[in-house]
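Novice: Chain by chain, the residues run as shown.
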Amino acid sequence: MVRFLEQFINGLSVGSVYALIALGYTMVYGIARMINFAHGDIIMVGAYVLYVCKSIIGLPSIVSVIVTIVFCSLLGITIEKIAYKPLRKAPSLAVLITAIGMSFLLQALSLLIFGANPITFPSVIKVSPIYIGSITISGITIITFVVTFICMIGLTYFVNNTKAGSAMRAASEDKPAAELMGINVNRTISMVFAIGSALAGVAGFLYISQYQSLMPTLGALPGIKAFVAAVLGGIGSIPGAMLGGIMLGVIESLSKAYISTQLADAIVFGILVIVLIVKPSGLLGKNSIEKV
Amino acid sequence: MALLEVKNLGINFGGLRAVDGVNLTIEEGQLYGLIGPNGAGKTTVFNLLTGVYKPTSGTIRLDNESIVGKSSSQICQTGIARTFQNIRLFNNMTVLENVKAAFHNEFKYSLLASLLHSKSFSSGEKEMDKRALDLLKVFGLDIYADEYACNLSYGAQRKLEIARALATNPKLLLLDEPAAGMNPQETSELMDTIRLIRERFHVTILLIEHDMKLVSGICEEILVLNFGTELAKGTPDEVLNNPEVITAYLGEE
Amino acid sequence: MEKKASNNMNLKNNKNFNKKIIAVVGIVVGYILISLLANGDLLSRQFKSLIVPAGINIILAVSLNLTVGFLGELSLGHAGFMSIGAYTAALFTLNMNLPGPLEFMIAIVLAGLIAGLFGYLIGVPVLRLRGDYLAIVTLAFGEIIRSLINSFKFTGGAIGLSKIPRYSNYTWVYVLVILTILLSYNFVTSRYGRAIKSIRENYIAAETIGIKVSRYKTLTFAIAAFFAGVAGALYSHNFGILRPSDFDYNKSIEILVIVVLGGMGSIRGSVIAAILLTILPEALRAVNEFRMLLYAIVLIIMMLLRSPDLRAKIEENEKLPKFIKNFGKIKEGGI
Numbered sequence: 194m195v196r197f198l199e200q201f202i203n204g205l206s207v208g209s210v211y212a213l214i215a216l217g218y219t220m221v222y223g224i225a226r227m228i229n230f231a232h233g234d235i236i237m238v239g240a241y242v243l244y245v246c247k248s249i250i251g252l253p254s255i256v257s258v259i260v261t262i263v264f265c266s267l268l269g270i271t272i273e274k275i276a277y278k279p280l281r282k283a284p285s286l287a288v289l290i291t292a293i294g295m296s297f298l299l300q301a302l303s304l305l306i307f308g309a310n311p312i313t314f315p316s317v318i319k320v321s322p323i324y325i326g327s328i329t330i331s332g333i334t335i336i337t338f339v340v341t342f343i344c345m346i347g348l349t350y351f352v353n354n355t356k357a358g359s360a361m362r363a364a365s366e367d368k369p370a371a372e373l374m375g376i377n378v379n380r381t382i383s384m385v386f387a388i389g390s391a392l393a394g395v396a397g398f399l400y401i402s403q404y405q406s407l408m409p410t411l412g413a414l415p416g417i418k419a420f421v422a423a424v425l426g427g428i429g430s431i432p433g434a435m436l437g438g439i440m441l442g443v444i445e446s447l448s449k450a451y452i453s454t455q456l457a458d459a460i461v462f463g464i465l466v467i468v469l470i471v472k473p474s475g476l477l478g479k480n481s482i483e484k485v
Numbered sequence: 006m007a008l009l010e011v012k013n014l015g016i017n018f019g020g021l022r023a024v025d026g027v028n029l030t031i032e033e034g035q036l037y038g039l040i041g042p043n044g045a046g047k048t049t050v051f052n053l054l055t056g057v058y059k060p061t062s063g064t065i066r067l068d069n070e071s072i073v074g075k076s077s078s079q080i081c082q083t084g085i086a087r088t089f090q091n092i093r094l095f096n097n098m099t100v101l102e103n104v105k106a107a108f109h110n111e112f113k114y115s116l117l118a119s120l121l122h123s124k125s126f127s128s129g130e131k132e133m134d135k136r137a138l139d140l141l142k143v144f145g146l147d148i149y150a151d152e153y154a155c156n157l158s159y160g161a162q163r164k165l166e167i168a169r170a171l172a173t174n175p176k177l178l179l180l181d182e183p184a185a186g187m188n189p190q191e192t193s194e195l196m197d198t199i200r201l202i203r204e205r206f207h208v209t210i211l212l213i214e215h216d217m218k219l220v221s222g223i224c225e226e227i228l229v230l231n232f233g234t235e236l237a238k239g240t241p242d243e244v245l246n247n248p249e250v251i252t253a254y255l256g257e258e
Numbered sequence: 416m417e418k419k420a421s422n423n424m425n426l427k428n429n430k431n432f433n434k435k436i437i438a439v440v441g442i443v444v445g446y447i448l449i450s451l452l453a454n455g456d457l458l459s460r461q462f463k464s465l466i467v468p469a470g471i472n473i474i475l476a477v478s479l480n481l482t483v484g485f486l487g488e489l490s491l492g493h494a495g496f497m498s499i500g501a502y503t504a505a506l507f508t509l510n511m512n513l514p515g516p517l518e519f520m521i522a523i524v525l526a527g528l529i530a531g532l533f534g535y536l537i538g539v540p541v542l543r544l545r546g547d548y549l550a551i552v553t554l555a556f557g558e559i560i561r562s563l564i565n566s567f568k569f570t571g572g573a574i575g576l577s578k579i580p581r582y583s584n585y586t587w588v589y590v591l592v593i594l595t596i597l598l599s600y601n602f603v604t605s606r607y608g609r610a611i612k613s614i615r616e617n618y619i620a621a622e623t624i625g626i627k628v629s630r631y632k633t634l635t636f637a638i639a640a641f642f643a644g645v646a647g648a649l650y651s652h653n654f655g656i657l658r659p660s661d662f663d664y665n666k667s668i669e670i671l672v673i674v675v676l677g678g679m680g681s682i683r684g685s686v687i688a689a690i691l692l693t694i695l696p697e698a699l700r701a702v703n704e705f706r707m708l709l710y711a712i713v714l715i716i717m718m719l720l721r722s723p724d725l726r727a728k729i730e731e732n733e734k735l736p737k738f739i740k741n742f743g744k745i746k747e748g749g750i
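In the order they appear, the protein sequences are chains A, B and C. Letter by letter, the first sequence follows residues 194 to 485 in this note's numbering. Letter by letter, the second sequence follows residues 6 to 258 in this note's numbering. Letter by letter, the third sequence follows residues 416 to 750 in this note's numbering.
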């Protein structure tokens, strides 16, 4: 029972990170109708930026984290401007391939700068663990929960209660109509990429605090899994991303503990396939009918 | 026996009743018009007839055979072909290939024949080329056979779409705003073409149109839709003099 | 007019006949060239060892092009099909004791069939999906296959298989490359090819002219997977060892890069790009570290060239040579 609870909490913690990444995916997909394959790699960039700020330059932790988030946000805007914007009218296949190219580009650049060998990077989070009975909850897990929760609340408030948020919702429903209503669609898309990438930066910080080892490929797999989470929860839905992320984290953690470490990935991807076949709109997503 | 018999057709999108209680009987050889203001549900009716959407209520019978629940490709094989309001050609394929693609179910050589380019492949292709060129000639498009569809003029693209639909050898041809974006001269040419294809291909035609002149000029019977329901039905004269129709189009006085 | 058309057809037939002769001569000359390259002193040992991998990449790229270029659906799990073929063939030759060539031939056919069967099975449930969702599902399947191979005992788990007989040589590869190209070319120029191209262009219109979209999607996936399986068989019998990590997501992307560089919908392009991208990293030793960067740039630049605005600018500029203008364009049918 203790083992189960520990694995469950571990799953919640991993799942929270997935949820943060999934939020970015969902927002970008909602407005740009594309899977931003580079999203996962922004997490990796975030982790490296944090490492450079903290370990190489020696900035204080809090400053490093802020620099990381800002850097990722700007990176997201830049990627959108350079690579995706020119292809907005091109077939989705072209955009998808460009996004894969971007993902490779980020990995290739960090490979050239930092090399392929893993770099150990101790956590910047220094919070003491909590003990409940015989269960230990680490400080990192607690911080992960808190940060994810705050981001989620903040984002929901922003999307539902601010002018910029309603512009985002309008643009994701119908871009030409939004444009006619005086919404600057280009700026709105930029903003979505900025917010999504900032969340990826936060995820990078939390992820690297948990795993404490830097590699150019570290973002790829969590990125794809977070996409699975976004689909599971219903793409385009913020609570869906949250739910999907946490469910996926728990499922993964429990499969690793009770079934097989090697098969955990197969199980995660198997869930994606099943969801897409049974209910492509996900748990909390809306059904949509294509207009002919 | 009517060729097409639609009874009480309806579809819901979420809470919206987009089409409701539409009845339609088209006799073989008829040229039937479907008109109505924007958003009246005309294209939705086409989508229901061709299986793009599944109706929530009602029956559709072609030659006394129910086609509700069939896929678009099966419906095509039972004999309904269509064009689209926003032209949907195979842009990066040649004009000839656009038509040949529609022969898909008529000239069936096997996968093995395809892979080996065997005799049945060559004879099938040759026959298809000939038939496709003949069909294109009717529309004056044979000179563009090797041109990419996207390079055609707007009017020619509309014609090609009709040619492609005819290539499936339909009993019923659905034309969705064939004159949209055409100038008066092109429109009158189109009217001639539509009459011509009815004669030549012995096909029944149901068309959606905004151009009143075109509709009243060639249609024998008209159904007017408004907000997804039937507003009026009858000959062009009856319908166009119907006060309700005038109100729907021009607004209250 | 009528006469002209029939004249054109006769011309076409003659052309086709001439084409066939040219093709046969080309294939023979090609084989002589390849054997000269493989046996003569023209190439260093290092480059001779690239002949088989180049051929494998050609088969992979041409087959992936069927899905990406002609059907217009992004498949990110091609390496998964390749791995199924590789393991099937390896397990067959490891467990059989038939004479070499016969054993290898059966292994190749079996590899193709099993991989094709998986392609079909995967196609069936996902046929309702398209675009982004289909792409991500193919990626998921690729990863599922890899982690299953990783955890099975009979595939050797993470260590993989070794001591596989090294049957692959330039003759096998050459024959299979030619077969792949010919069959793929014939496929895309047939009514089947027309059907899948029309699905790429507009699947709704394709469906309304009577083309069963889902059927042709699964068929294309199965055929592409078949050839990927064949390539896998050649791969496993080239170095004699197999590891599940050889077939990860990056391998699938590597094949995609070849297809994209050669031009989606161009078989000839895939062949040239496959050779180029096999040799280039070896020829420019220094570039080896930059391989990933090269791939990234290829993907991004080739796609940006398709941006409608940029395309218009390129086409208006008369000074640019033709081959640059054709870069990134959708090409049709050509071998």
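Each hint should be verified, as a subset may be incorrect.
Claimed, not checked - Take a look, some chain A residues computed to stay more than 10 Å from chain C by CB distance:
id	residue
1	Phe197
2	Ile228
3	Ser321
4	Ala360
Unchecked claim - Which residues of chain A face chain C? A few of them, derived with a C-beta cut under 8 Å, are:
id	residue
5	Ala276
6	Ala283
7	Cys344
Claimed, not checked - Restricting the straight-line Cα-Cα distance to at most 30 Å, the calculated cross-link-like pairs of lysine-lysine (DSS-like) are:
id	chain 1	residue 1	chain 2	residue 2
8	A	Lys368	B	Lys131
9	B	Lys124	B	Lys135
10	B	Lys135	C	Lys435
11	C	Lys435	B	Lys131
12	C	Lys666	A	Lys274
13	A	Lys449	C	Lys666
14	B	Lys113	C	Lys434
15	B	Lys124	B	Lys75
16	C	Lys568	A	Lys274
17	A	Lys282	A	Lys472
18	A	Lys472	B	Lys59
19	C	Lys728	A	Lys368
20	B	Lys113	B	Lys131
21	B	Lys59	B	Lys113
22	C	Lys568	A	Lys449
23	C	Lys435	B	Lys124
24	B	Lys75	B	Lys238
25	C	Lys434	B	Lys135
26	B	Lys59	B	Lys124
27	C	Lys434	B	Lys142
28	A	Lys278	C	Lys568
29	A	Lys368	A	Lys356
30	A	Lys472	B	Lys75
31	B	Lys59	B	Lys131
32	B	Lys135	B	Lys113
33	C	Lys435	B	Lys113
34	B	Lys131	B	Lys176
35	C	Lys728	A	Lys282
36	C	Lys434	B	Lys124
37	A	Lys282	A	Lys356
38	A	Lys368	A	Lys472
39	C	Lys568	C	Lys463
40	C	Lys666	B	Lys131
If you're looking for bench data, these hints aren't it; they were derived computationally from the structure. Glycine included, each C-beta is placed from N, C-alpha and C at the ideal position.
Novice: For each hint, tell me whether it holds in the structure or not.
Specialist: Results of checking the hints against the structure:
Every beta carbon of chain C lies more than 10 Å from that of phenylalanine 197 of chain A, the smallest distance being close to 23 Å; the non-interface claim holds. Listed as outside the interface, isoleucine 228 of chain A is inconsistent with that label: its C-beta sits roughly 5 Å from the nearest C-beta of chain C, within the 10 Å cut-off. At roughly 37 Å, the least C-beta separation between serine 321 of chain A and chain C is larger than 10 Å, which holds for a residue marked as non-interface. At the 10 Å boundary, the C-beta of alanine 360 of chain A stays outside the reach of chain C, the nearest C-beta of that chain being 24 Å off.
The interface hint given for alanine 276 of chain A is met, as the beta carbon of that residue sits about 6 Å from the closest beta carbon of chain C, less than 8 Å. At a threshold of 8 Å, the smallest CB-CB gap from alanine 283 of chain A to chain C is about 5 Å, leaving the interface hint in force. Hint status for cysteine 344 of chain A relative to chain C: violated, with the closest Cβ pair at about 24 Å, above 8 Å. A distance of roughly 47 Å separates the Cα atoms of lysine 368 of chain A and lysine 131 of chain B; the hinted pair therefore is violated under the 30 Å criterion.
Simply put, lysine 124 of chain B and lysine 135 of chain B have alpha-carbon atoms about 17 Å apart, close enough for the 30 Å limit, and the pair holds. For the hint pairing lysine 135 of chain B with lysine 435 of chain C, the CA-to-CA distance comes to about 23 Å; that is within 30 Å, so the pair holds. At roughly 17 Å between alpha-carbon atoms, lysine 435 of chain C and lysine 131 of chain B fall within 30 Å of each other, so this suggested pair holds. For the given pair, lysine 666 of chain C sits about 28 Å from lysine 274 of chain A by alpha-carbon distance, which is consistent with the 30 Å threshold.
Of the supplied pair hints, the one linking lysine 449 of chain A and lysine 666 of chain C holds, its CA atoms being roughly 26 Å apart against a limit of 30 Å. For the proposed pair lysine 113 of chain B and lysine 434 of chain C, the alpha carbon gap of about 25 Å is at most 30 Å, so the pair holds. Of the supplied pair hints, the one linking lysine 124 of chain B and lysine 75 of chain B is violated, its CA atoms being roughly 34 Å apart against a limit of 30 Å. The straight-line distance between the Cα atoms of lysine 568 of chain C and lysine 274 of chain A is roughly 48 Å, outside the 30 Å bound, and the hint therefore fails.
Taken as a hint, the lysine 282 of chain A and lysine 472 of chain A pair is honoured in the structure, with Cα atoms around 29 Å apart against an allowance of 30 Å. Annotation: proposed proximity of lysine 472 of chain A to lysine 59 of chain B holds, straight-line Cα distance about 18 Å (limit 30 Å). For the given pair, lysine 728 of chain C sits about 26 Å from lysine 368 of chain A by alpha-carbon distance, which is consistent with the 30 Å threshold. Restraint check: the Cα-Cα separation between lysine 113 of chain B and lysine 131 of chain B comes to about 13 Å, which is no more than 30 Å; the hinted pair holds.
Distance hint between lysine 59 of chain B and lysine 113 of chain B is fulfilled; the C-alpha atoms sit about 29 Å from each other, no more than 30 Å. Annotation: proposed proximity of lysine 568 of chain C to lysine 449 of chain A holds, straight-line Cα distance about 18 Å (limit 30 Å). Taking the CA atoms of lysine 435 of chain C and lysine 124 of chain B, the gap is near 14 Å; set against the 30 Å cutoff, the hint holds. A threshold of 30 Å between alpha carbons decides the hint, and for lysine 75 of chain B with lysine 238 of chain B the separation of about 28 Å falls inside it, so the pair holds.
The suggested pairing of lysine 434 of chain C with lysine 135 of chain B holds, with an alpha-carbon distance near 22 Å, which does not exceed 30 Å. For the suggested pair lysine 59 of chain B and lysine 124 of chain B, the alpha carbons sit about 41 Å apart, so the restraint of at most 30 Å is broken. Of the pairs offered as hints, the one joining lysine 434 of chain C and lysine 142 of chain B holds, with about 29 Å between alpha carbons and a cut-off of 30 Å not exceeded. About 48 Å separates the Cα atoms of lysine 278 of chain A and lysine 568 of chain C, which puts this hinted pair outside 30 Å; it is violated.
Note on lysine 368 of chain A and lysine 356 of chain A: the hinted pairing holds, with a Cα-Cα distance of about 16 Å set against a maximum of 30 Å. Straight-line distance between C-alpha atoms of lysine 472 of chain A and lysine 75 of chain B comes to about 22 Å, which keeps the hinted pair within the 30 Å bound. Between lysine 59 of chain B and lysine 131 of chain B the CA atoms are separated by roughly 38 Å; this puts the pair beyond 30 Å, and the hint is violated. Proposed proximity of lysine 135 of chain B and lysine 113 of chain B is supported: the alpha carbons are some 16 Å apart, at most 30 Å.
This hinted pair checks out: lysine 435 of chain C and lysine 113 of chain B have alpha carbons roughly 24 Å apart, not beyond 30 Å. Only pairs whose Cα atoms come within 30 Å are accepted, and lysine 131 of chain B paired with lysine 176 of chain B is accepted, the gap being roughly 25 Å. Between lysine 728 of chain C and lysine 282 of chain A the alpha-carbon distance is near 16 Å, which keeps this suggested pair within the 30 Å criterion. Between lysine 434 of chain C and lysine 124 of chain B the CA atoms are separated by roughly 16 Å; this keeps the pair inside 30 Å, and the hint holds.
At most 30 Å may separate the alpha-carbon atoms for a hinted pair to count; lysine 282 of chain A and lysine 356 of chain A meet this at roughly 27 Å. Note on lysine 368 of chain A and lysine 472 of chain A: the hinted pairing holds, with a Cα-Cα distance of about 26 Å set against a maximum of 30 Å. For a cut-off of 30 Å, the pair hint linking lysine 568 of chain C to lysine 463 of chain C is broken: about 35 Å separates their Cα positions. The hinted pair formed by lysine 666 of chain C and lysine 131 of chain B fails the criterion: a straight-line CA distance of about 41 Å is larger than 30 Å.
Checked against the numbered hints above, the structure violates hints 2, 7, 8, 15, 16, 26, 28, 31, 39, 40; every other hint is satisfied.
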